[in-house]
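Asks: Below, each chain spelled out in residue letters.
Number of protein chains: 2
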Amino acid sequence: MGTLYIISSGPGDVNQLTPEAARAIAAADIIIGNAFYLAILGGFLQGKEVIYSAMGKEIDRAREACRLAADKNVAMISGGDAGVYGMASIVLEIIEHEFPGLEYVVLPGVTAATAAASKLGSPLSGDYVTLSLSDLLTPWEVIVKRLELAFQMGVPVALYNPKSRGRPVNLHRALVIARQYKDDSTPVGIVRNAYRNDEKIIVTTLGELYNDDSFVDMHSILIIGGEETRIWKEEENVRGIITPRGYHRKYVY
Amino acid sequence: MGTLYIISSGPGDVNQLTPEAARAIAAADIIIGNAFYLAILGGFLQGKEVIYSAMGKEIDRAREACRLAADKNVAMISGGDAGVYGMASIVLEIIEHEFPGLEYVVLPGVTAATAAASKLGSPLSGDYVTLSLSDLLTPWEVIVKRLELAFQMGVPVALYNPKSRGRPVNLHRALVIARQYKDDSTPVGIVRNAYRNDEKIIVTTLGELYNDDSFVDMHSILIIGGEETRIWKEEENVRGIITPRGYHRKYVY
Numbered sequence: 001m002g003t004l005y006i007i008s009s010g011p012g013d014v015n016q017l018t019p020e021a022a023r024a025i026a027a028a029d030i031i032i033g034n035a036f037y038l039a040i041l042g043g044f045l046q047g048k049e050v051i052y053s054a055m056g057k058e059i060d061r062a063r064e065a066c067r068l069a070a071d072k073n074v075a076m077i078s079g080g081d082a083g084v085y086g087m088a089s090i091v092l093e094i095i096e097h098e099f100p101g102l103e104y105v106v107l108p109g110v111t112a113a114t115a116a117a118s119k120l121g122s123p124l125s126g127d128y129v130t131l132s133l134s135d136l137l138t139p140w141e142v143i144v145k146r147l148e149l150a151f152q153m154g155v156p157v158a159l160y161n162p163k164s165r166g167r168p169v170n171l172h173r174a175l176v177i178a179r180q181y182k183d184d185s186t187p188v189g190i191v192r193n194a195y196r197n198d199e200k201i202i203v204t205t206l207g208e209l210y211n212d213d214s215f216v217d218m219h220s221i222l223i224i225g226g227e228e229t230r231i232w233k234e235e236e237n238v239r240g241i242i243t244p245r246g247y248h249r250k251y252v253y
Numbered sequence: 001m002g003t004l005y006i007i008s009s010g011p012g013d014v015n016q017l018t019p020e021a022a023r024a025i026a027a028a029d030i031i032i033g034n035a036f037y038l039a040i041l042g043g044f045l046q047g048k049e050v051i052y053s054a055m056g057k058e059i060d061r062a063r064e065a066c067r068l069a070a071d072k073n074v075a076m077i078s079g080g081d082a083g084v085y086g087m088a089s090i091v092l093e094i095i096e097h098e099f100p101g102l103e104y105v106v107l108p109g110v111t112a113a114t115a116a117a118s119k120l121g122s123p124l125s126g127d128y129v130t131l132s133l134s135d136l137l138t139p140w141e142v143i144v145k146r147l148e149l150a151f152q153m154g155v156p157v158a159l160y161n162p163k164s165r166g167r168p169v170n171l172h173r174a175l176v177i178a179r180q181y182k183d184d185s186t187p188v189g190i191v192r193n194a195y196r197n198d199e200k201i202i203v204t205t206l207g208e209l210y211n212d213d214s215f216v217d218m219h220s221i222l223i224i225g226g227e228e229t230r231i232w233k234e235e236e237n238v239r240g241i242i243t244p245r246g247y248h249r250k251y252v253y
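Same order as they appear, the protein sequences are chains X and D. Residue 31 in my numbering sits at position 31 of the first sequence, and the numbers go up by one each step. Residue 154 in my numbering sits at position 154 of the second sequence, and the numbers go up by one each step.
Treat the hints with care, as some may be off.
What the hints assert, rightly or not - Distance condition first, Cα-Cα at most 25 Å in a straight line; then the derived SDA-like pairs of lysine to any residue:
#, chain 1, residue 1, chain 2, residue 2
1, D, K233, X, G2
2, X, K57, X, E103
3, D, K200, X, K57
4, X, K200, X, K250
5, D, K163, D, R249
6, X, K233, D, K163
7, D, K233, X, N197
8, X, K250, D, E98
9, X, K250, D, K163
Please keep in mind that the hints were generated in silico from the structure rather than gathered at the bench.
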């Protein structure tokens, strides 16, 4: 009997893949994932049976991985952290319903929110909220309720899936809600394709983004600042976004 | 002129350290961090100038790292992800105020919440809130307000620093708030020392934890389930915690 490894491949390329995840891939008999994430694994795929699965076919992919894991070690690859908008939950649901007793291991990875944050300086720093604007699996009314509460918390909010195919206005609708609770001067950081060749980093404000969000796409992560978040500039040079941890309340420096 | 690398060492040992972080450590002239996190780096420290800094001396450590980076490459080590309750924000604040022009790079890592989640199955899965119960740098009233809003969101809540030295009751106070919004049957996962030798994983419920939280310490991460989170059992065997993504609303399986 095999084991199903649900492996987080992290953002971007294999430079963000943990050694434990790399070893699990190397030890697997079969590797399965969507082509976009498998492409970055390069040499790791040599000599392996590789199953390229289509985007949007998560249930079929999870079921096939479980079926194969009955007698082989299978590595299911999931971008970012598999436990955050990744494959972990649907694989476990399929095991629960259809493959009782199947052994699984989840290996964590660098999640997209902290990868984006690292490119922006320190916009999260401590407490924060992670929300997706995709209403494919979550009703839009639920997303609205969560956004309203999140923006009242005063902490940074990381937005995944700001636009989906066929849902180009979800981000704009979210920004309308944000502006009910936050000043237009609130810093916003946007990272497209973090740790990939075509990475793009933008530091802007809520008011500016509200007027034009055309450069945001489905591969972007947004971080909307909390009540203490500021844009750090040296003269006209933007050096990053800082959300202070609170040391200024305890110590003078 | 040197560069200051703010490096996320991830949870546990070097098996969770990204290749990019490992290379930055290997290339650094000086490595600085608190002894607890430096201890896990082992062979990475050979032949390096290493500065062991005391816990609680974050501002001094940040300032010393900046001073040294004036003419050497310095690697500041921060456990988990440096941008989440780590050293990134205070280092950037010190650069902003005292070392203008100093070059910095933040390298992301596996953050404690997703590391803990991976040990519990898939308790986060999507939208979630990250909060710390330490009132060392954040006033307790602010923490209470954030907890109240977070629990109303219906999403999983990851709690860092559930107990601090001298603040053993913060967790109990947070659980009192949780019980105003959530059933006692709400699943709670607790992971102590994730990816370390003395790792401990506990699956319980809000009601049970409210009655006895004595096994939770400052090195524990708690994940309090959202409104759809469930404990997955096979007969009496707990196999994990699942927060479904929502596929069951779209597809039959």
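Asks: Each hint: holds or not?
Replies: Against the structure, the hints come out as follows:
1. K233(D) - G2(X): Distance ~20 Å between K233(D) and G2(X) Cα, so the pair holds.
2. K57(X) - E103(X): holds (22 Å)
3. K200(D) - K57(X): Roughly 35 Å between the alpha carbons, so the hint for K200(D) and K57(X) is violated.
4. K200(X) - K250(X): violated (36 Å)
5. K163(D) - R249(D): Outside the cut-off at roughly 38 Å; violated.
6. K233(X) - K163(D): Violated. K233(X) to K163(D) sits at ~36 Å, over the 25 Å cutoff.
7. K233(D) - N197(X): violated (43 Å)
8. K250(X) - E98(D): holds (18 Å)
9. K250(X) - K163(D): Distance ~20 Å between K250(X) and K163(D) Cα, so the pair holds.
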